[in-house]
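Chemist: Chains as they are written, first to last, in the working numbering: chain D, 981 to 1343; chain V, 9 to 177; chain U, 674 to 1073; chain S, 5 to 113.
Since the hints were derived computationally from the structure, they do not count as laboratory data.
Just so it is clear, CB atoms sit at the ideal spot from N, CA and C, and this is done for glycine as well.
Treat the hints loosely; a few may be bogus.
Pairs of lysine-lysine residues, derived as DSS-like cross-links and limited to a Cα-Cα distance of at most 25 Å, are as follows [claimed, not checked]: (1) V:Lys169 / D:Lys1130; (2) D:Lys1131 / S:Lys109; (3) D:Lys1215 / V:Lys129; (4) U:Lys912 / S:Lys33; (5) D:Lys1194 / S:Lys56; (6) S:Lys59 / D:Lys1078; (7) U:Lys975 / S:Lys107; (8) S:Lys18 / U:Lys934; (9) U:Lys1037 / U:Lys735; (10) U:Lys735 / D:Lys1081; (11) V:Lys129 / D:Lys1217; (12) U:Lys934 / S:Lys24; (13) U:Lys934 / S:Lys59.
Computed beta-carbon distance windows for the label pairs [stated by the list, open to error]: (14) D:Ile1308 / V:Glu70: 24 to 30 Å; (15) S:Thr57 / U:Ser964: 38 to 44 Å; (16) S:Lys98 / U:Cys981: 15 to 21 Å.
Listed here are the chains, written in short residue letters.
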Amino acid sequence: MEEKELVIIGGGPAGLSAAIEARKKGVDVLLLDENLRPGGQLFKQIHRFFGSREHMAGVRGFVIGERLLNEVKELGIDVWLNSVVYGLFKDNVIGVVKENKNIILKAKCIIVATGAIENPLSFHGWTLPGVMGAGACQTMININRVLPGKKVLMIGSGNVGLIVSYQLLQAGADVCGVIEIMPNIGGYLVHAAKIKRFGVPIYLSTTILEAEGKEEVEGAVICPVDNDFKPILRKRKEIDVDLICIAVGLTPLNELLYQAGCLFTYKPYLGGTVALHNADMETSVNGIYIAGDLSGIEEASTAMEEGKLAGLSVAERLNGKSYKGEKIDVLRRLNDFRIGTFGEKRRISKEEIIKEYYERVKD
Amino acid sequence: MKELKIDASFYLNKSGYPSEGRVKKGPVAVIECIEDIPCNPCEAICPFGAIKVGFPITNLPELDEERCTGCGRCITACPGLAIFVLNYNFSEKEASLSIPYELLPFPEKGDTGICLDRDGKYVCNGKVVRVIPPEKNHMTGVVTFSFPKKYYNIVRSLKIKNGKEKNNM
Amino acid sequence: MIPERVEIIVIGAGLMGCSIAYYLSKDKREVVVFEKGNIASGASGRNGGQVIQLEGRDKNPKTIKERLAITKENNKILKELEKELNFNLEYRRTGSLDIALNKEEWDDIKETVKAQKEAGDREIEILGRKETLKLSPLLTDNVFGARYRPSDGTINPFFLTYGFAFSAQKHGARIFTHTSVKNIIKENGKVKGVELEDGKKVHSDIVINATNAWSSFLCPEIDILPLRQVAVVTEPVAKLPVYPMEAFIEGDAIFTTTQTKSGNLVAGGFRTQARERRLHYDYSVEPVELSGSSAIFKRIFKGIEDVCIIRSWSGTMAVTGDCLPCLGRYPEVKNLYIAAGFLNGMAYGPMIGKLLSELIVYGKTSIPIEIFSPERFYKKKINWPKLYNYTVLAEFFARV
Amino acid sequence: MKDYRIYQHPILGKIPERKKITIYFNGKKLTAYEGETIASVLYANGIRRLRKTEKFNEPRGIFCAIGRCTDCVMTVDGIPDVRTCITPVRDGMKVEFQKGLGKWKKKNW
């Protein structure tokens, strides 16, 4: 059983930032990622990030990804790729399969940054080839450089649905429409404007009834809904599409935390079931920290800041020093993203989680 | 089917939109950003300090229309692609609009096409008068095209019609 | 709504609890079942589903005869049960093997089969290496031979338990899950009902303790020992006749079940050495248990080195001082009954339900169950070492 | 043959140069490039149906593209249940349909 100081599970924006921050404070870090290249969602986010200069605003996701990878290399952080963590056992023991070899690690501290998975949406025919998550489609076009279809229907008008629709235009697809069951869009108006002025219609109070096709998607039936979200069947309309993307939210990938015995709570504005954690990003299990979408669905920018926060917290604990100043900076930058009509709800949910942590977790 | 409709009324008297008078004077930035999103690259990029967001960064960008020269540096800096430069006096009968452009095929000077409004509906015909290639600004090009003056508050996009069919399929 | 008074209370909605509830409610009795977790959340939902009528290496003529009498009947019920419960049970009569991987085991098996034949078991057979491999080609080539019983098989433990639960409900029984019983109310030697976790009292003149590994919390006078085991499941392998089997590896019993209907191999029974009693209720699997189980897997089957394990879990069975079930009237308390400690629940479940309902309704059973009488353990100090270990268990196995 | 690869991208530029290799899909030859995933090569050739489900024989393809949902599993070089959306191609690789969960077939069984 190999002993480690800090093991970070998941090399996306949160995991990379945590590794960099902890390594800078002299912590011996091991970063695990199941893919052949770390970066998580960064390398499929070809749009410019929001925020301010401190958040690397205006820079495209994959450029930020490259920067973080370079920093990881320069700091000589130990990175195991193609390594799947299959188990988070008691007393911070980790089971990893690395290139088909089973390795058991024991770590003083663990930061879990496994991100999130897209929510499915079941409608008749939703299992046909040609129906996929919007993030999955984003991976196909921006990372695998393959168009999974030419005529696209996007379900969901949150930022993911709107941004991926725009990126489908960039990839040369024809976006036949975005449908949203609510009477108003979920994402930023600027993202909607970006695709509307290129002729992409956004249908509100509209849902999907069916994906058509025997072997794969050949069409779809969309239909307006009344105030109780019931489809008004006589107004349904068939549209000619061969790709249907589902952008109806994300859910944190909690399996490892559940196995480790972490306590959870339910916060709809943060993606549903979320592990309880304190201001240092530590969960209810001593020594296990979380960061990024796993601790609540937000954006890559907040994922990077939470990664830094977790990295600094672990460094504080292992080095027995205080990095209060830097952590306050991180919290300030995090707060920048958690105000305004969009951010406010998330900030309140985060504060509720931290309050509930101190009520339920007695150290 | 109920559609999301976007038109000039969303933006007209908001802090990022130049007044009628300023528009008639010469090229000026038009910022169509009306939600409290945490974002301020436009403020940072403007060489004339004509855009103010301040703190917190969710404030709406305010255009100081006197300081703004219409230089267009902010067009490619905006992550939301929500800033244009309007030149009401492009010519005697025409106005021109500079828009951020990130699609292929990238237009060339002299291309003609149809001008679309904020809902993507046809408004009139237009001609590309100037382009800044995408490589200049981290792969966001700028396309300036002219169109009949009276549509200056409506036209927000251009679809190339006769451009060389260079698409990638 | 939880009633104030009811005719019969069953504690525990595992296979035994649901089977007893089914037969009692079928016999027009008013039955309520209280379950602290979900239906089949104990051993009933965590075993491999093998139906082995005479598991273990029982060489005692008396126990062989009496156990077989019950499990033979149970096997007959299983054949008709799918129709009777109108519920798919995935029951397949594949036969079972008890394989020997070394000389000592092989001698032990031959000795067991000889004793069982002499005790009147006509079905049991002994197979040499070639015959065993013909039956089950996936087995390792260095198998010595096996005991074979054609009428054994496999069943889906969830479906069997839920089948009984739903059918019992159809006959009017009520099952309250997530309702824990704090203690059994007794007054001058008679059972009066139960007190629930929230202090609510439910009166009844008949109470059945079917909580298996948790029996001793409610009936402390009898020490039923929890027995935690780990199971692993592989991704599907080619459809081959692979029989449910037992294999004793250096005193560590491992019961390997054949393929599920879709072809996965299930292996259960791996146990790390001694554990404190309370740790038997801790379901978190440890890495050494995973690698231990896979190592044994590779010794039993050949050519599966690169077949992946896709899931693992652990469960708590119950075992008595002599590894035989504890079933019947609870000593010195009238109308209190107990059913616990079935090392192979699937081979007993339906019949135990029937026998216990006969005992309660008619006062006697169609097949004798005195061999399982709780009397034998009542207030007897079983000198288990505090950290109970497996050599003691192995001895018991040998003595049975 | 249709080719759904994005050779020119306004932001990502030209598709990177990669060594051309061959894979076999149900025996049919397909050109691929090193670094591509199996599912991407199939989708690039307009092949979107990757397997059929066990019970209802329904066609399935890519759904999550990040190796989580296992709807894209196929049998690769005799090994079943390989997640093709994240497994890179190798020259001469043989990729086949499977029905439901693939079955291991070993010589010595």
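Chemist: Taking the hints in turn, state whether each one holds.
Modeler: Against the structure, the hints come out as follows:
Between Lys169 (chain V) and Lys1130 (chain D) the CA atoms are separated by roughly 20 Å; this keeps the pair inside 25 Å, and the hint holds. Note on Lys1131 (chain D) and Lys109 (chain S): the hinted pairing is violated, with a Cα-Cα distance of about 40 Å set against a maximum of 25 Å. For the proposed pair Lys1215 (chain D) and Lys129 (chain V), the alpha carbon gap of about 23 Å is at most 25 Å, so the pair holds. With a C-alpha separation of about 30 Å, the suggested pair Lys912 (chain U) and Lys33 (chain S) falls outside the 25 Å cut-off, and the hint is violated.
The straight-line distance between the Cα atoms of Lys1194 (chain D) and Lys56 (chain S) is roughly 12 Å, inside the 25 Å bound, and the hint therefore holds. Taking the CA atoms of Lys59 (chain S) and Lys1078 (chain D), the gap is about 33 Å. The hint is violated against a cut of 25 Å. The hinted pair formed by Lys975 (chain U) and Lys107 (chain S) meets the criterion: a straight-line CA distance of about 16 Å does not exceed 25 Å. Note on Lys18 (chain S) and Lys934 (chain U): the hinted pairing is violated, with a Cα-Cα distance of about 50 Å set against a maximum of 25 Å.
Between the alpha carbons of Lys1037 (chain U) and Lys735 (chain U) the distance comes to roughly 20 Å, so the proposed pair stays at or under 25 Å and holds. At most 25 Å may separate the alpha-carbon atoms for a hinted pair to count; Lys735 (chain U) and Lys1081 (chain D) exceed this at roughly 50 Å. This hinted pair checks out: Lys129 (chain V) and Lys1217 (chain D) have alpha carbons roughly 21 Å apart, not beyond 25 Å. Between Lys934 (chain U) and Lys24 (chain S) the CA atoms are separated by roughly 43 Å; this puts the pair beyond 25 Å, and the hint is violated.
For the suggested pair Lys934 (chain U) and Lys59 (chain S), the alpha carbons sit about 12 Å apart, so the restraint of at most 25 Å is met. For the hinted restraint 24 to 30 Å between Ile1308 (chain D) and Glu70 (chain V), the CB-CB distance of approximately 29 Å keeps it satisfied. For Thr57 (chain S) paired with Ser964 (chain U), a C-beta distance near 33 Å fails the hint of 38 to 44 Å. Restraint check, Lys98 (chain S) to Cys981 (chain U): a C-beta distance of roughly 20 Å satisfies the suggested window 15 to 21 Å.
Hint violations for this structure: numbers 2, 4, 6, 8, 10, 12 and 15, all remaining hints satisfied.
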